[in-house]
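Protein chains in written order, with our numbering: chain B, 1 to 127; chain L, 1001 to 1149; chain S, 2001 to 2405.
Any given hint could be a false lead.
To be verified - Calculated cross-link-like contacts (lysine-lysine; reagent style DSS-like; alpha-carbon spacing at most 27 Å):
id, chain 1, residue 1, chain 2, residue 2
1, B, Lys42, S, Lys2301
2, B, Lys56, B, Lys42
3, S, Lys2179, B, Lys30
4, S, Lys2338, B, Lys56
5, L, Lys1033, S, Lys2338
6, L, Lys1040, S, Lys2061
7, S, Lys2238, L, Lys1022
8, B, Lys23, B, Lys61
9, L, Lys1060, S, Lys2179
Said to hold, decoys possible - Not close to chain L: a few residues of chain S, all C-beta gaps over 12 Å, as computed:
id, residue
10, Gly2080
11, Phe2135
12, Phe2139
13, Arg2173
14, Asp2185
15, Glu2191
16, Arg2193
17, Ser2206
18, Val2222
Claimed, not checked - Taking beta-carbon pairs under 7 Å as the criterion, some of the chain L residues facing chain S (in silico):
id, residue
19, Pro1023
20, Thr1054
21, Val1056
22, Val1075
23, Tyr1086
24, Pro1102
25, Gly1106
In case anyone wonders, no lab produced these hints; they're calculated from the structure. Fair warning: this is a prediction, and the values are worked out from it, not measured in the lab. For each residue, glycine too, the CB sits at the ideal point set by N, CA and C.
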Amino acid sequence: MSIVREVIKSFFSKPSTIEYPRKASIAVEKDLRGRHYANLNKCIGCSICAIECPSKAIEMKKLSEDIKLKHNPRGLYPVINYMSCVFCYRCVRVCPVDAYITTPVHQLSSVKEVFSENLTLKTLEVK
Amino acid sequence: MSRAEDLDSILKPYTIKKDVMKPNRDVYTVDAKNIREVMKNLKNIYKEDLYLATIVGVDKIKENLFELNYFIHIVPLGKTIVIKTYISRNEPKIDTILDICPGAYGAEAEIYDLLGIEFIGNNYLRRGFFVPADVVSQNIYPLRKDVQV
Amino acid sequence: MVSDIEKETTTLIKIPITLDVPIGPQHPALHEPVMLKLYADGEEVVHVEINTGYNHRGIEKLMEKNSFYKDKFIASRVCGICNGVHENCYTRAVEYLADIEPPPRAKYLRVLVMELERIHSHMLINAIMAEIIGFDTLFMYIMRDRELVMKAKEIVLGHRVQSDIHMFGGVRRDIDDVKKDKILDLLNKLEPRIKYYRKLFEEDSSISSRLTEVGKLKSSEVLNNSLLGPILRGSGIKSDVRLEDRYDAYGDIPWSIVVRSEGDSLARMLVRWDEAIESLEMCRYVLEHLPQGPAVVDERKLPRTFPSGESYARVEAPRGELIYYVASVGGANPYRVKIRTPSATNIINSGFSYIGHSIADIPVILVSYDPCISCMERAIIVDLKNRSEKNVPLRYLAQTSKVRA
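Could you build all of it, start to finish, from the sequences and the hints given here?
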């Protein structure tokens, strides 16, 4: 047998290459391990996620003086550096109050949106 | 005839202690001088149906010893046994088994390069086998416990 | 002694293999090439030297400084293609140490992940073998069909390549019925393609003329030099870690071991295709017979410190037998971790098998041993008579030498 029959069949069908990202977009699963950030309505500032991160990508920052949260006495919140993060989701699973929001956003190369600070602070405004 | 009992009786003259390593692998502690005879006897009885999986060196700095574990897999029995020896940390030398088991080439070279244990009779040992050149030039063995890399 | 050899031979071929170790979390590990130096007289190889220097050892020292949990993430980033088996071996070694037993559903899910990885790894190495001998069409077709396996992995794991799914005591994600149907659908599309490729490898004249009788290894040579995996099974020895240790759920799933007796390169590639077909059947069995019960482990309740002792775990990676040895003296960090990958032993100990073959056969033999070849560099040909050097890709060696007699 030879591969000629297969070649002729492929010749008459459309090419398998998907021209991503200029002409087409791909569909990913809804629970892909994509960009994640902390939800300040639930975070208690315990810093366990920062201690357990294998690549030391999380830094705890202090909230500004005018925001006082009852469930966050120390006033700390986590900020993720997406350039160091390996997306292992250890922080998501080890959080004692499940304070992380996960999304399937995976197109993350940018120089502007490197830290999760803006996304995290926005969760307070939705109230 | 069950060959598992053969194993106990072959190694009995050399065994100092018998243990079990998790998950149920037999460990035989032998003296470092007898390692070549032990390997030769095992090869004779099983007639080439075994292979040396690896050699692991552990630095036990508190007891001033190096521990060497030889893991040997015996194909007809389907099990792995461990032969454990101890050598002194001040004078780390032991006989090579390269002519009995050519498969020990990679393992012995790696242990020499990383821990500094010399295998007498092995001509292929050299520094720089795995360790990069700048660490070799500092003349240290990276995996020892008293070394900071 | 080297100059004697240099007098008789006409060319020296140096093949550096860079074994890249992408260790994302902490720092890129140092890496240096493994060099296969082959002295050739005209067309025939007469002497082999292996010059190593690849470093994978930054990891062993690094693992002594981090806790057991962080080490699990480091262990899964040792190799890109076989990260599922690295994780599985480390996780089981620590589970033996601490006497933790995972639930049955978690064991079945682990088997599913490892078998999917076996299929995609075997398809990759066969595609590379086709490319090396010049059969580019087949390379493209196999890679196109491999995308189905990558999509199946994305459904189970959440990521196409990196499987961070193992944890001490179970797994971290679960599958439901919708996902199960999607995966079964993909496997049904994949099965006729794999069977077609296997038939092609056996019957196509260009492949069989390049691969038969090349790199023949006898069973005593293989065992003496500790070569592993499909090399062992392609030379007639019946040895497979899944059969001997029966770890995870392999004791419950019906499967049969694949052994061929010829010992040449074609036998090794056919062993890999047959194993891929077996893995597909195993995946189907797992999906249809998943037991009910808990599978996901709650990571907040795991212990901080582990008891002292030592343990030794083996696993059947797509390339051979992978070993993890973990020793601990109590506490949160391990005392010693030793990793022995099958590719390291296969490449370093196999220098004897190139002697007597012609230059065009060398890439074929090297690829049939399955190094982690996605990081393979070019070969350097030194013409000893004129002392001139040139860099050529490995395909050049395999295709443009004189025809084999």
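Checked hints:
1. Lys42(B) - Lys2301(S): holds, 20 Å
2. Lys56(B) - Lys42(B): holds, 22 Å
3. Lys2179(S) - Lys30(B): Status holds; Cα separation ~11 Å.
4. Lys2338(S) - Lys56(B): Judged against 27 Å, a Cα distance of about 24 Å means the pair holds.
5. Lys1033(L) - Lys2338(S): holds, 25 Å
6. Lys1040(L) - Lys2061(S): Between Lys1040(L) and Lys2061(S) the Cα gap is close to 34 Å, so the pair fails against 27 Å, i.e. violated.
7. Lys2238(S) - Lys1022(L): holds, 25 Å
8. Lys23(B) - Lys61(B): violated, 41 Å
9. Lys1060(L) - Lys2179(S): With a Cα-Cα distance of about 49 Å, the restraint between Lys1060(L) and Lys2179(S) is violated, given a limit of 27 Å.
10. Gly2080: holds, 20 Å
11. Phe2135: With a cut-off of 12 Å, Phe2135(S) remains clear of chain L, as the shortest Cβ separation is near 33 Å.
12. Phe2139: The claim holds: Phe2139(S) sits with its nearest Cβ about 31 Å from chain L, beyond 12 Å.
13. Arg2173: At roughly 26 Å from the nearest Cβ of chain L, Arg2173(S) sits farther out than 12 Å, so the non-interface label holds.
14. Asp2185: Asp2185(S) is indeed farther than 12 Å from all Cβ atoms of chain L, at 38 Å.
15. Glu2191: Holds, since 31 Å exceeds 12 Å.
16. Arg2193: Check passes; 34 Å lies beyond 12 Å.
17. Ser2206: Ser2206(S) clear of chain L: closest Cβ-Cβ about 35 Å, beyond 12 Å.
18. Val2222: violated, 8 Å
19. Pro1023: Holds, about 5 Å.
20. Thr1054: holds, 4 Å
21. Val1056: holds, 5 Å
22. Val1075: With a minimum Cβ separation of about 5 Å from chain S (threshold 7 Å), the hint on Val1075(L) holds.
23. Tyr1086: violated, 14 Å
24. Pro1102: holds, 5 Å
25. Gly1106: holds, 4 Å
Hints 6, 8, 9, 18 and 23 from the list above are not met by this structure, while the remaining hints are.
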